[in-house]
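Line order of the protein sequences matches chains A and B.
According to my numbering, the stretch in the first sequence is residues 1 to 391, in order.
According to my numbering, the stretch in the second sequence is residues 1 to 115, in order.
Note that these hints are calculated values from the structure, not bench results.
Just so you know, these numbers come straight off a predicted model, no measurement behind them.
Every residue gets a Cβ at the ideal spot worked out from N, C-alpha and C, and that includes glycine.
Be careful, since some hints might not be right.
Claimed, not checked - What the simulated footprint calls covered on chain A by chain B, stretch by stretch (three residues with Cβ under 8 Å from a Cβ of chain B suffice, anywhere in the stretch; the number is not a length):
1. 108–121
2. 203–214
3. 242–253
Single-letter residue listing:
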Amino acid sequence: MRDVYVAGIGITSFTRLEYPLAEIAAFPSMLAMQDSGLTDIEQVYVANMGGPRVNHQTALASAVVDSLSLTPAGAAAIENGPASGSAAIKEGFLAVASGMHDIVLVTGAERMREVNNLEATDFIATLTHPLAEYIYGVTLPSHAAMFTRLYMEQYGVTERHLAMVSVKNQNNAMLNEFAHLHQPITIEGILDSPEAMTNNPYIAEPLRFFDACPVSDGGAAVILVSEKVAKSIDRPLIKLAGIGQATDSHAVHERENPTDLLAVRRAAELSFGMAGLEPSDVDVAELHDAFTILEIAESEEVGFFPKGEGHIALEKGETALDGRLPINPSGGLKGKGHPVGATGVGQAHEIVHQLRGEAGERQVADAKVGFTCNFGGFGNNVICLTFVRED
Amino acid sequence: MARDIYAYECTECGTLHYPFRMRCKNCGELEPFQFKTVALPKRGKLLTFTKVYNLPAEYEVATLGLGIVELENGIRVTGQVELDDPKIGMDVVGVVDIVRQETYDSFWGFIFRAA
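Starting from the given sequences, assemble the full structure and let the hints guide the process.
Here is the structure:
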C-alpha cells in the first residue's frame, strides 16, 4: 500500500447556506484546489446523507464533478449516515494507496436547513431500525438521552459535566470563523441561574437544548495525493497515517453492554495500529460530539482516558484548548455545527489546519499528531482517522 | 384480541433474536430465513428511559416516554413507556398497541407500564 497525504483543504461556514447542495460541495473543493495548487483531479468522492430525501437531488457526485469542470474524472457519492464524510475519505485513501489514482478530491456537503427542525430530526431518525426503533418515535436525541441516563447511573456523570462540554466547545467555536454558533454561554446561564430552564429546556431527559448540536448546512473538502505529488508541492507534509472503521448492531438494545461504544473502541484501535501510534501520542483530537455525552464517552473508548473517567479529565481541564489533550478545538459538532454528510471531512479539515499550524487563535501548540472520530448511526458505524505531520 | 411482538428463533441452534436478522448471530447458518417466530413475553425490567420533547411531526402529543426493557427471557426491546415515576430496574409490563399513526398506516408495538 502506498502512503497517502493531504495536499489541500477547504471549508464553507457551517450555518444556514442559501445556495444549492451541489455548490455547497463544489465551493470548498475550489478552495482545496487553490490551497494545493492541484487541479488534475482524477477521482471525486462526494459525501452526503440527505440529498435524495431532503433536497430532492440524486447522483450528487455527477453534478459536482461537472460544476467543478473536472469532467471526465471519475465521481461517486458516498452515503454512510453521519459517518459519510470519513467513509468518503477512506475511499479516497484506498484509491491513492492502491496506486490507481494519484490525486483524489473528497468533498462532503449537506443542506439540512432546507426543511424545518422536525423534518430534519425525522430525516436523521430514519437511520434507526425501521421496525424495532423508528416506529416508536425514536430519534437520535432519544438514543443519546437513554445512553446518558445509564452513563450517569454507572459512572457518576452529571448534568454539570454535560454543561461543561457545551461551554468548552461553544467557547472554542467563538475562535473559529467557520463555526455555526458564535454564542458565548456560561454554566450559570444554562444550568445554575433561575432562567436556566428557560434558556436550556429539556429536549430528551436528561439532555437539554445545549447538549445537542445545531442543524447545519455546510461543506468541507480535502485533496488526497500520493507521496510523490505531496513532495512536488509547497505545502506541509500531512500524512493520513491510520484509518480504522468498525460497525455494531443496528438496534441499540441488542448491545451486550449499552454503555459500551464497541465500534468506537475497535475503529480507534485499528486506526492507531495502522499508524503505529498510541492514544497517548495524540496532540489534538476532533471527536463526534453530536451530543455532549458523546465527547465524554468517545474520549474514553478511543483510549485517551480510562472507561468512566472522561468526565474527570474534563473537570480537570485536560481537554480544554490549553489542556494536555485539547478535544474539539474547532468547537466540535456542538459549536462548529453538524452538516451530517460533511462532518467527517470537516473534522479532517480542522486537524490538518492544526497540524499545519494555521489555526490562529485556537492553534494547539506544536501539534504533530491529530485524530478524528466520526460516529455514524448511534455508534453502529464509526471511522477514526490518524494524521501525522512529517516534516 | 391480545397481540404479540415476535422474536426469531434460529432453527439450527435455538438462539433468539429481536429484531429479525437474515443470519443467526450465534451459529452463522447460511440458509436464509431459518427462523421460527416466538411470541415475546410482556414482563420485564426497565433498563433505561427518556422523556422526549421534540417529536417527529405526526405525534400530536407534547412529550413521549421511550425506554429499553429487558424482558423475562433476556431479550431486550425498545418501546414506548407510560410511567409516572420511571426508575432504572423497575418492573414493567407491556401491551401491544398503536405506537405510530401515519395517514394510511398504523404501526403496532410495545407500550410499557408499571407492573
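Results for each hint:
1. For the stretch 108–121 of chain A, the stated coverage by chain B is satisfied: 4 residues place a CB nearer than 8 Å to a CB of that chain, which reaches the threshold of 3.
2. With a threshold of 8 Å between beta carbons, the proposed coverage of the stretch 203–214 of chain A by chain B holds, since 5 of its residues qualify and at least three are required.
3. For the stretch 242–253 of chain A, the proposed coverage by chain B is satisfied: 3 residues have a C-beta within less than 8 Å of a C-beta in that chain, meeting the threshold of three.
Hint compliance for this structure: every hint is met.
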